[in-house]
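Engineer: Given next are the chains, with one letter for each unit.
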Amino acid sequence: MWTLRDKYAITGIGYTHYSNNSGTTVLNLALEACRNALADAGIDAAEVDGVVSYHFNDSVPSIAVATGLGLPEARYAVEFSSGGNAANLIVQTAAAAIEAGLAKNVLCFRAMNGRSGFRLGGGRELSSRGITQYTAPFGWITYPQAIAMWCRRHMIKYGTTSEQLGRIAVEFRANAARNERAIMRQPMTLADHQASRIIVDPFHLFDICLESDGACAVLMTSAARAKDLRRKPIYIMGAAYGGGPNQGDDLFDAIRWPDHTQNFTSYIAKDLWGSAGVGPADVDVAEIYDCFTYTVIMGLEGLGFCPQGEGGRFVESGGIAFDGKLPVNTHGGLLSEAYIHGFNHVIEAVEQLRGTAGPRQVPDAEIAVTTGGAMTCGSALVLRN
Amino acid sequence: MSHHGKPLPVPDIDSAPYWESCRQHRLIIQRCTDCGHSRFPPTGMCPHCRSVNFEWITASGRGRLYSWIVVRHPVPREIYANDVPYVVALVDLEEGVRISTNMICPPDALMGDMPVEVFFDDVSPDLTLPKFRPVR
Numbered sequence: 001m002w003t004l005r006d007k008y009a010i011t012g013i014g015y016t017h018y019s020n021n022s023g024t025t026v027l028n029l030a031l032e033a034c035r036n037a038l039a040d041a042g043i044d045a046a047e048v049d050g051v052v053s054y055h056f057n058d059s060v061p062s063i064a065v066a067t068g069l070g071l072p073e074a075r076y077a078v079e080f081s082s083g084g085n086a087a088n089l090i091v092q093t094a095a096a097a098i099e100a101g102l103a104k105n106v107l108c109f110r111a112m113n114g115r116s117g118f119r120l121g122g123g124r125e126l127s128s129r130g131i132t133q134y135t136a137p138f139g140w141i142t143y144p145q146a147i148a149m150w151c152r153r154h155m156i157k158y159g160t161t162s163e164q165l166g167r168i169a170v171e172f173r174a175n176a177a178r179n180e181r182a183i184m185r186q187p188m189t190l191a192d193h194q195a196s197r198i199i200v201d202p203f204h205l206f207d208i209c210l211e212s213d214g215a216c217a218v219l220m221t222s223a224a225r226a227k228d229l230r231r232k233p234i235y236i237m238g239a240a241y242g243g244g245p246n247q248g249d250d251l252f253d254a255i256r257w258p259d260h261t262q263n264f265t266s267y268i269a270k271d272l273w274g275s276a277g278v279g280p281a282d283v284d285v286a287e288i289y290d291c292f293t294y295t296v297i298m299g300l301e302g303l304g305f306c307p308q309g310e311g312g313r314f315v316e317s318g319g320i321a322f323d324g325k326l327p328v329n330t331h332g333g334l335l336s337e338a339y340i341h342g343f344n345h346v347i348e349a350v351e352q353l354r355g356t357a358g359p360r361q362v363p364d365a366e367i368a369v370t371t372g373g374a375m376t377c378g379s380a381l382v383l384r385n
Numbered sequence: 001m002s003h004h005g006k007p008l009p010v011p012d013i014d015s016a017p018y019w020e021s022c023r024q025h026r027l028i029i030q031r032c033t034d035c036g037h038s039r040f041p042p043t044g045m046c047p048h049c050r051s052v053n054f055e056w057i058t059a060s061g062r063g064r065l066y067s068w069i070v071v072r073h074p075v076p077r078e079i080y081a082n083d084v085p086y087v088v089a090l091v092d093l094e095e096g097v098r099i100s101t102n103m104i105c106p107p108d109a110l111m112g113d114m115p116v117e118v119f120f121d122d123v124s125p126d127l128t129l130p131k132f133r134p135v136r
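Heads up: the sequence lines are chains A and B, in that order.
Counting from 1, one number per residue, gives the positions in the first sequence under the numbering used here.
Counting from 1, one number per residue, gives the positions in the second sequence under the numbering used here.
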C-alpha cells in the first residue's frame, strides 16, 4: 500500500491545444506541455532531473524530452510501454523516484498524435501470434471490440442498458460544453446517443472515446519544495496500481479474467482508500478513465461510489450529474474533451482542486480521484488541496 | 465467410498441437497432470501449481455463452466489409476454461449463459477454426 501520503505534490501543469491534427511532431507537443508545466510551477528547468512517461509505441522516449528541454542532467528519464493503465502510475513512479533519492523534481507527461498519427482505436497491427492467435482469426481485434465484450456480461448479469451508458455520454458532453479545451462541445441528447451508429454491439459511436492529438504534463516535487513554488500544491493523498489475477498476456487479453463485470478498480480500491485515509463519500470530484462509457460503470462500482452491479441505475438517477454529489469527468473526459490517454484527467483534477476550473468548477472541491486504465490493470490517485 | 486476407494463427510450441487438432475436428485442452487444473490458452506452465507436466484432453465441445459482441463496423474495412455483422463470443467450456470464438447464430437469438456446442469450420486449406452454435 502507498506509504507516501501527502509527501509529494503536483506543483505545475501544462498542456497543448487538443485537436484532430496538431500539425506538429509528438516531440514538439511533449516539449510544449512540459515547458508550460515548468512555467506554471515557476521552477527553473535546471532543477528538473527526472522525466517519466508512458506510451503505446506512439510517442517519444523521456530522454528525448529531457534533451529537448535542455535538462542539464536527467537522472531519471524513463517510460512505460503501456496503456491508459499507466496514466496515474507515472505520477506514482515519479514520487517513488524522488522518495528513493533518484531524482528531485520530475516531469510526467503523455504526448501523442492519436488522431493524425497512430490511432489506437483504429485496430491493432493484425498480428495473430502469441496470445492474438486465439482472438484475431475470429475477427476480434480492436479495443472497442474488446471492451464491448466486457460490457455485455454486465448487461447479462445486472440488466444494464444501452440507455444507461448513453446517460454517461450525455453528461460528459454537457460538461465539455463548459470546457473551452474540449474537442466535442455540441450538445448531445440521449436520443442522439441512441441514434448514433452501432459500431460493435452493444457500443454505439458515442460510447467510444475520441482519438486526439495533444500533450499533457505535470511537475512532481516533494511537499517541502512545493511550498516555494508559484501554485497551490495538490498533494497525492493516496495511490494504487494493479489489478486482479490473470491480467493477461497483453492489454487486450482478458480470456482468463475472472469476471468481466468488474475491472482493476475493484481490486485496488482497498489500497487506494486505505492509503489515502478517506473513502468514496469524501470525494468531491472524480475523473474516471472513460475510453468507453462502460469503463465508467466499472470505475464507479469498483471504487465503491455505488454498489457492484448498480452503476447503470446510479447514472440513470443522476449520480454523476455536475450539480450532484459526485461530479464526474468535469472536463468532458476522453469521450468529449480529448483522448490524451487519461493524463488529461490528472490536469482536470488539479484545476478543480486549485479552484481554477472556471465554468467547470465544482464549488469547494477539496478531494479528487483520478483513474487510469480500463480492464485488467490500472492506476488511481486520491488528490487533495 | 472467406478467410482471405484475415489473420492466420501462427502456431508456436504450445499451440501447435491445438491447431493441428482443430484440423482434425477435435477440440483439445491442456490439463496439468500434477494438480488437475485445465487451462486455455495453451501454455508451458500450470498457473496453479507451476508444473510443466501436462496432458491434452479432448473437450466435450459443450459450453455456455459467457458473453458476445456483434461487430457491425468492419475494422479493417477492406478485410471485414463483407462479413459484418458477425459475432465474437466468449464460451465457458464444461472443462472449466473459457475460449474466444465466433458464434454462428442470428444475433437476436443470443442469450447469456445459453448452452452452445462446437463445430469446426475449415476456413482455408491450412486453417480450421473452432466455432460455436446454440445446442439444438
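In short, the hints are calculated from the structure, not lab data.
Worth double-checking, as some hints may not be accurate.
[Stated by the list, open to error] If you anchor each label on the Cβ, the simulated ranges turn out as follows:
(1) B:F119 / A:D6: 16 to 26 Å
(2) A:G277 / B:R72: 38 to 48 Å
(3) B:Q24 / A:H17: 30 to 40 Å
(4) A:G159 / B:R72: 53 to 63 Å
(5) B:R72 / A:G274: 57 to 67 Å
(6) A:A191 / B:E20: 33 to 43 Å
(7) B:H25 / A:N246: 41 to 51 Å
(8) A:N57 / B:P17: 28 to 38 Å
Every residue, glycine too, gets a C-beta built ideally from N, C-alpha and C.
Engineer: If a hint holds in the structure, say so; if it doesn't, say that too.
Structural biologist: Right, here's what the structure says about each hint:
1. B:F119 / A:D6: 16 to 26 Å: With a Cβ separation near 60 Å, F119 of chain B and D6 of chain A fall outside 16 to 26 Å, so the hint is violated.
2. A:G277 / B:R72: 38 to 48 Å: Holds: the Cβ-Cβ distance is about 47 Å, inside 38 to 48 Å.
3. B:Q24 / A:H17: 30 to 40 Å: violated, 58 Å
4. A:G159 / B:R72: 53 to 63 Å: violated, 23 Å
5. B:R72 / A:G274: 57 to 67 Å: violated, 43 Å
6. A:A191 / B:E20: 33 to 43 Å: violated, 52 Å
7. B:H25 / A:N246: 41 to 51 Å: Given range 41 to 51 Å: violated, Cβ gap about 29 Å.
8. A:N57 / B:P17: 28 to 38 Å: holds, 32 Å
The earlier numbered hints that this structure contradicts are 1, 3, 4, 5, 6 and 7.
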